[in-house]
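> Each chain, letter by letter, is given below.
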Amino acid sequence: MVITGVGLTSPNGDDLQQYRSNLLNGVSGVVNYSIRHVGETLAGVCNFDPLRHQKRKEARRGTRAGAVSIYCAREALKDAGLAAESTHIGGHARDRVGVYIGITEHGNVETETQIHEVAQYGFDLSFWSHHHNPRTVANNPAGETTLNLGITGPGYCLGGACAAGNLGLIHGLQMLQLGIVDLALAGGVSESIHTFGIFASFRAQGALAKHDEPARASRPFDKARNGIVVSEGGALFTLERLDDALARGAKIYGEVVGYYVNSDASDFVLPSSDGQEACMRGALASGGLAPEDIDILNTHATSTPQGDEVECEAIRRVFGASPATYVNNTKSFIGHAMGAAGALELAGNLPSFDDGLVHPTINVEELDPACEVRNLVLNEPVRPARVERVLNMSFGMLGINSAVVVERYRG
Amino acid sequence: MSNEEVVIAVKDIIATIAPDEDLSGLALDVRLRDQIELDSMDFLDIVMELRKRYGVQVPEEDYMQLATLKGCVDYLGPKLAGKQLVQTAAR
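Chains as they are written, first to last, in this note's numbering: chain A, 1 to 411; chain B, 1 to 91.
Misleading hints may appear alongside valid ones.
Taking lysine to aspartate or glutamate pairs in the DMTMM-like style, the calculated list, with each CA pair at most 25 Å apart, reads [stated by the list, open to error]:
| hint | chain 1 | residue 1 | chain 2 | residue 2 |
| --- | --- | --- | --- | --- |
| 1 | A | K57 | B | E21 |
| 2 | A | K57 | B | D22 |
| 3 | B | K52 | A | E112 |
| 4 | B | K52 | B | E37 |
| 5 | A | K55 | B | E21 |
| 6 | A | K55 | B | D12 |
| 7 | A | K57 | B | D12 |
| 8 | A | K210 | A | D368 |
| 9 | A | K55 | B | E49 |
| 10 | A | K57 | B | E49 |
| 11 | A | K55 | B | E37 |
| 12 | A | K55 | A | E85 |
| 13 | A | K210 | A | E309 |
| 14 | B | K79 | A | E117 |
| 15 | A | K57 | B | D39 |
| 16 | B | K52 | A | E117 |
| 17 | A | K57 | B | E37 |
| 18 | B | K52 | A | E58 |
| 19 | B | K52 | A | D124 |
| 20 | B | K11 | A | E58 |
Between beta-carbon pairs, the in silico distance windows are [as the list claims (entries may be wrong)]:
| hint | chain 1 | residue 1 | chain 2 | residue 2 | range |
| --- | --- | --- | --- | --- | --- |
| 21 | A | Q120 | B | L23 | 22 to 30 Å |
| 22 | A | V31 | B | G25 | 38 to 46 Å |
| 23 | A | A83 | B | D74 | 45 to 53 Å |
| 24 | A | N47 | B | Q35 | 34 to 42 Å |
| 25 | B | Q35 | A | D212 | 52 to 60 Å |
| 26 | A | V31 | B | S24 | 34 to 42 Å |
| 27 | B | K83 | A | A138 | 36 to 44 Å |
It is worth saying that the hints were derived from the structure and are not from the lab.
Please read these numbers as outputs of a predicted model, since none were measured by experiment.
C-beta: ideal position from N, C-alpha, C; glycine also.
Chain A on its own, in the form it takes in the complex (with noise of 0.2 Å):
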């Protein structure tokens, strides 16, 4: 299975091309953020234009979600050249084609803009919007996305916290491997910085990146790290079989070669270094690869003071012994797009089978000793010996962990 197209919106570009090269220009897409009852905080906030792809009325009646999966979703075809007709969407039958999006949370940003909507009218439930359900319901990215292009396959989200972005690349491909479609459009989206919940529970949990300077607040590693940035975005691959790929002269990103999803079973909220190597161990053992076969290792650590330290002792334990691997981290630049993590942080990966470069992770002052680990590659880009693989981790509340290896395509 390989990836054809990559289509995202990220705090520091709407396309890959501008994306990539912000990552190995150091530039971050942190900014001032501010939303009711939280007042003045930071986020990472996209820019793309939602009406490239939807009429008025669509984008109005729809939820952010859904807009950020239409952008993502059509610019991956469009990436892949593969052409959306009325009938055909690039050359499959609709019903061949499915979606699915990996979500942190769905609703809560439609859920409490209509609650602050119905308080202003003394909570006289005749005020509250019957859109509220078609856009809370969990299947709602996807399911504009379905609407938007014209597909009948099946398209739905999945619910993964932040390792959402690996479930749905990961599910695009069982769905290709089980014959059910014979196109997917799979990845994660994430619109949480419109919920203020989601910052004053990260707030309430000590949790939230606070700095004077929002492109320096996001400093996974850095001892003076102090919590999560929030961001929105998404990024969506399209799918397809390597025949059919070839058949077609397809550009190929890369091959899918491995994958593992596991739960660590012991906390809401706090990560485990025993789950976490058990993921990456599991990617590799389902690829048939060694540790010294990973060449970049995007980490998920979102900055946080403990989260980052328990990650790098899970690699240490896996990739303490090989030196051919590389580890960076993407959130540095972006923050945590959530459910959107996982898949974007891949999507910024994937150019380094074409430029040889490891994009670093940014912000590291002064390295916290208790994230040392072998060939972190800081603040600038490094060029290895090889890059024929990349693994990457994303990990979420309730301990559920996701790892993804992808593959430099050889002919």
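Given chain A, work out where chain B should sit, using these hints.
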């Protein structure tokens, strides 16, 4: 509110709900749904906006009264009497 203002009020609401539509040539006595793309959810939006902007409650059994602009004038005219015209749609 005059009859002309009732038409302006309703068209302003429709312009908010169906921003892609050209409302300049809407006929008074032809069903709105036969002239522009409006579905049942849009219609509920119109009822909601009347409630929010003017405090006018339209019970379900009266929805058909709003099928045309002329019907809107006849039905809403008395309810909007004395109310101030609200215009919010982007122009």
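> Mind checking the alpha carbons of A:K55 and A:E85 for me, to see if they're no more than 25 Å apart?
Cα-Cα ~17 Å, so holds.
> Quickly compare the C-alpha distance for A:K210 and A:D368 to 25 Å and report which way the hint goes.
Measuring from Cα to Cα gives roughly 18 Å; hence the hint holds.
> For A:N47 and B:Q35, compare the CB-CB distance with the range 34 to 42 Å and indicate the outcome.
holds, 36 Å
> If you draw a straight line from the CA of B:K52 to the CA of A:E58, is it 25 Å or shorter?
holds, 22 Å
> Verify the proposed pairing of A:K55 with B:E21, using a straight-line Cα cut of 25 Å.
Satisfied, since the Cα-Cα distance of roughly 10 Å is no more than 25 Å.
> Sort out whether A:D124 lies within 25 Å of B:K52, counting only the CA atoms.
The given pair, whose Cα atoms are some 11 Å apart, holds under the 25 Å limit.
> Below or equal to 25 Å on CA atoms is what counts here, so check B:K52 against B:E37.
holds, 23 Å
> Under the criterion that the straight-line Cα-Cα distance not exceed 25 Å, is the pair A:K210, A:E309 satisfied?
Holds - the C-alpha atoms of A:E309 and A:K210 are around 19 Å apart, at most 25 Å.
> Checking one constraint from the list: CA of A:K55 to CA of B:E37, max 25 Å. Satisfied?
Distance ~12 Å between A:K55 and B:E37 Cα, so the pair holds.
> Could you say whether the range 38 to 46 Å given as a hint is met by the Cβ separation of A:V31 and B:G25?
holds, 44 Å
> Between A:V31 and B:S24, does the C-beta distance stay in 34 to 42 Å?
holds, 40 Å
> Can you confirm whether the C-alpha distance between A:K57 and B:E49 stays at or below 25 Å?
holds, 16 Å
In this structure, none of the earlier numbered hints is contradicted; all agree with it.
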